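*Asks:* Quick note, the sequences are listed as chains A and B, same order. Numbering (our numbering) for the first sequence: 940 to 1071. Numbering (our numbering) for the second sequence: 51 to 137.
If you are wondering where the hints come from, they were derived from the structure by calculation, not from laboratory data. No experiment lies behind these values; they were computed from the predicted model shown. The C-beta atom is built at its ideal place from N, Cα and C for all residues, glycine as well. It is possible that part of the hints are untrue.
[To be verified] Taking CB as the label site, the calculated pair distances span:
{"no.": "1", "chain 1": "B", "residue 1": "129", "chain 2": "A", "residue 2": "969", "range": "23 to 33 Å"}
{"no.": "2", "chain 1": "A", "residue 1": "1055", "chain 2": "B", "residue 2": "109", "range": "17 to 27 Å"}
{"no.": "3", "chain 1": "B", "residue 1": "59", "chain 2": "A", "residue 2": "1057", "range": "49 to 59 Å"}
{"no.": "4", "chain 1": "B", "residue 1": "60", "chain 2": "A", "residue 2": "1001", "range": "30 to 40 Å"}
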Amino acid sequence: MSAELSDALTAAFIVVSAFLCAAAGIGLLRFPDVLSRLHAATKPQILGLGLIVLDVAVSNISLGTVVFAIAILFFQGLTAPISAHMVGRAAYRGDHLRRDLIVTDELADAVQRADARDRAEASRDDRDDPRD
Amino acid sequence: MEIALVAAGVMFGVGALASIYRIVVGPSLLDRVIASDVLVVTIMCVLGAEMAVNRHTDTLPVMLALAMFGIVGSVSIARFMARQDTT
Chain A
940 MSAELSDALT AAFIVVSAFL CAAAGIGLLR FPDVLSRLHA ATKPQILGLG LIVLDVAVSN
1000 ISLGTVVFAI AILFFQGLTA PISAHMVGRA AYRGDHLRRD LIVTDELADA VQRADARDRA
1060 EASRDDRDDP RD
Chain B
51 MEIALVAAGV MFGVGALASI YRIVVGPSLL DRVIASDVLV VTIMCVLGAE MAVNRHTDTL
111 PVMLALAMFG IVGSVSIARF MARQDTT
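Excised from the complex, chain A in its bound form (with noise of 0.2 Å):
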């Protein structure tokens, strides 16, 4: 590959990754509630940090680069979604978010029949309580 390709080539991906960690910056600033700014967050956690990875790995190419990135890409694959879907999770718990900006609410089915049964087992054990 030539020098002048290769700085070009450089250049591109540090400037997408760097607009990438810019656009989550402004969408933490300017987004409503911490799920929006969730997803606004989550972007360059993996595209950013992967077209930098990619970037170190074909600037100076070599065996043990490649398998540094291919380990970074690999975690930060592993973690990330981790930590996204365990905050989102406490924001829905937690009554963090802005429930006139949803457009359609899965989850709220699911934790009403999750509490219906609960009441009903509650209820059930009270039952059975004078027999044991």
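Chain A is fixed; fit chain B onto it per the hints.
*Replies:* The following block gives chain B in isolation, referenced to the frame of chain A:
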């Protein structure tokens, strides 16, 4: 090349400053957690960009450690946050 790098630096700075503002202002604990995740990812991207520009691989272990252990704070806060805590 230089113009693109200066523009990238400005955009990285905008992302980092916006996430620091969100960490300071809040309003809820989960906003601060999300913003600190964004700040960690921005720092990782800056480290990688510096490596790609200067053509060395010295800080790859730092990026690997951040990718592995950046999860700990946000998951522990989200898991053990009290339901009534709205600060």
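*Asks:* Indicate, hint by hint, whether the structure satisfies it.
*Replies:* Taking the hints in turn, this is what the structure says about them:
In this structure the supplied range 23 to 33 Å holds for residue 129(B) paired with residue 969(A), their Cβ-Cβ distance being about 28 Å. Between residue 1055(A) and residue 109(B) the CB atoms are about 53 Å apart, so this pair departs from the stated range of 17 to 27 Å. For the hinted restraint 49 to 59 Å between residue 59(B) and residue 1057(A), the CB-CB distance of approximately 53 Å keeps it satisfied. Distance hint check: the CB atoms of residue 60(B) and residue 1001(A) are about 31 Å apart, consistent with the given range 30 to 40 Å.
Of the hints listed earlier, the one the structure fails to meet is number 2.
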